[in-house]
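**Student:** What follows is the residue order along each chain.
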Amino acid sequence: MQTSRPLFVPVILGTTRQGRMSAHAAELLVGEIGKRPSVDTELIDIAELPLTTRDAGESTKDAGFSAKMNKADALVIVSPEYNHGYSGLLKHVLDSCLKEYIHKAVGIVGVSAGPFGGTRVIQNLLPVMRELGLVTIFWDVNLAKVQNVFSADGKLLDEAFLPRIDKFLKELLWMAKTLRQGREQIPLD
Amino acid sequence: MPETSTKSKMICPRCGIEMNHHSDKLVYPADAKDIEQVDPDLGGLVEEFHSCPKCGGAASRHSWESSAGASATPTRESDG
Numbered sequence: 001m002q003t004s005r006p007l008f009v010p011v012i013l014g015t016t017r018q019g020r021m022s023a024h025a026a027e028l029l030v031g032e033i034g035k036r037p038s039v040d041t042e043l044i045d046i047a048e049l050p051l052t053t054r055d056a057g058e059s060t061k062d063a064g065f066s067a068k069m070n071k072a073d074a075l076v077i078v079s080p081e082y083n084h085g086y087s088g089l090l091k092h093v094l095d096s097c098l099k100e101y102i103h104k105a106v107g108i109v110g111v112s113a114g115p116f117g118g119t120r121v122i123q124n125l126l127p128v129m130r131e132l133g134l135v136t137i138f139w140d141v142n143l144a145k146v147q148n149v150f151s152a153d154g155k156l157l158d159e160a161f162l163p164r165i166d167k168f169l170k171e172l173l174w175m176a177k178t179l180r181q182g183r184e185q186i187p188l189d
Numbered sequence: 001m002p003e004t005s006t007k008s009k010m011i012c013p014r015c016g017i018e019m020n021h022h023s024d025k026l027v028y029p030a031d032a033k034d035i036e037q038v039d040p041d042l043g044g045l046v047e048e049f050h051s052c053p054k055c056g057g058a059a060s061r062h063s064w065e066s067s068a069g070a071s072a073t074p075t076r077e078s079d080g
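Going down the list, the sequences are from chains A and B.
Quick note: the first sequence uses the numbering used here, first residue 1, plus one each step.
Quick note: the second sequence uses the numbering used here, first residue 1, plus one each step.
Simulated from the structure, these hints should not be mistaken for laboratory data.
Computed from a predicted structure; not experimentally measured.
25 Å max Cα-Cα, derived DSS-like pairs, lysine-lysine: (1) B:Lys-54 to B:Lys-7; (2) A:Lys-61 to A:Lys-91; (3) A:Lys-61 to B:Lys-25; (4) B:Lys-25 to A:Lys-71; (5) A:Lys-170 to A:Lys-68; (6) A:Lys-71 to B:Lys-54; (7) B:Lys-54 to A:Lys-177; (8) A:Lys-91 to B:Lys-25; (9) B:Lys-54 to B:Lys-25; (10) A:Lys-61 to B:Lys-33; (11) A:Lys-35 to A:Lys-167; (12) B:Lys-9 to A:Lys-177; (13) A:Lys-155 to A:Lys-167; (14) A:Lys-71 to B:Lys-9; (15) A:Lys-68 to B:Lys-25; (16) B:Lys-25 to A:Lys-177; (17) B:Lys-54 to A:Lys-68; (18) A:Lys-35 to A:Lys-71.
Residues from chain A that face chain B, not an exhaustive set, calculated with beta carbons under 10 Å: (19) Phe-8; (20) Lys-99; (21) Tyr-101; (22) Ile-102; (23) His-103; (24) Lys-104; (25) Gly-182; (26) Glu-184; (27) Ile-186.
All C-beta atoms, glycine included, are put in the ideal place defined by N, C-alpha and C.
With the hints as extra help, turn the sequences into a complete structure.
**Tutor:** Below, the structure is given as structure tokens:
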């Protein structure tokens with residue numbers, strides 16, 4: 001196993017909506033991942049990706065996004081819940097890759113203005129993750145009433161979320177290390 | 001008989017070493033030329049996924065491209 005290569009765990013901000021509170025959540029996750037030794041991260045804002053909407057699937061692949069997914073050992077997806085579902089543009093972006101995801105870990109952060117913390121969007125994303133070859137973990141982060149969780153400038157107002165994020169990341173990183181070993185060392189046959 | 005005994009290894013385009021074949025996925029063809037390659041038992045095409053033990057890069061190819069004598073160069077090599 002290549003122990004000298006740090007894990008790469010980017011955070012995907014899965015909405016393009018103006019005034020999105022999920023951006024604060026994504027920045028919080030980037031900060032918390034960045035505190036971990038031997039783990040690199042960065043924010044991937046789907047609003048910044050130059051994907052066409054005149055086609056769909058892998059034919060829309062953006063080289064930069066593909067390279068980051070290829071390098072990634074795990075993903076954190078921060079998704080708001082819109083009408084009980086995920087953003088159509090998040091799905092459009094995710095569908096642009098496949099081989100880049102296979103046997104990599106994913107954790108989901110659900111964000112909502114209401115009291116359920118994105119539980120429904122997380123449930124809706126799980127079968128999509130599975131079909132993309134990603135391996136889901138059993139910890140989620142649920143940010144309910146997100147307008148009360150962050151200040152207008154993105155400061156976390158309730159530090160009770162930090163222990164849960166810690167558990168979420170520990171599980172995700174364990175899975176990332178384990179799956180890297182599997183991808184690179186354990187043959188299918 | 002293990003399939004690996006008749007298959008060529010993919011070679012990482014960055015590191016030049018053999019990649020590890022760690023996953024197969026059943027995909028359904030959209031192009032007419034690919035329909036000819038459908039596995040009648042599985043009902044779709046088998047796509048293989050490989051990772052480089054050194055750099056971690058990913059690559060894939062259709063399973064029929066991996067038979068002995070086929071090029072070891074990835075057909076859909078890593079973008080990163």
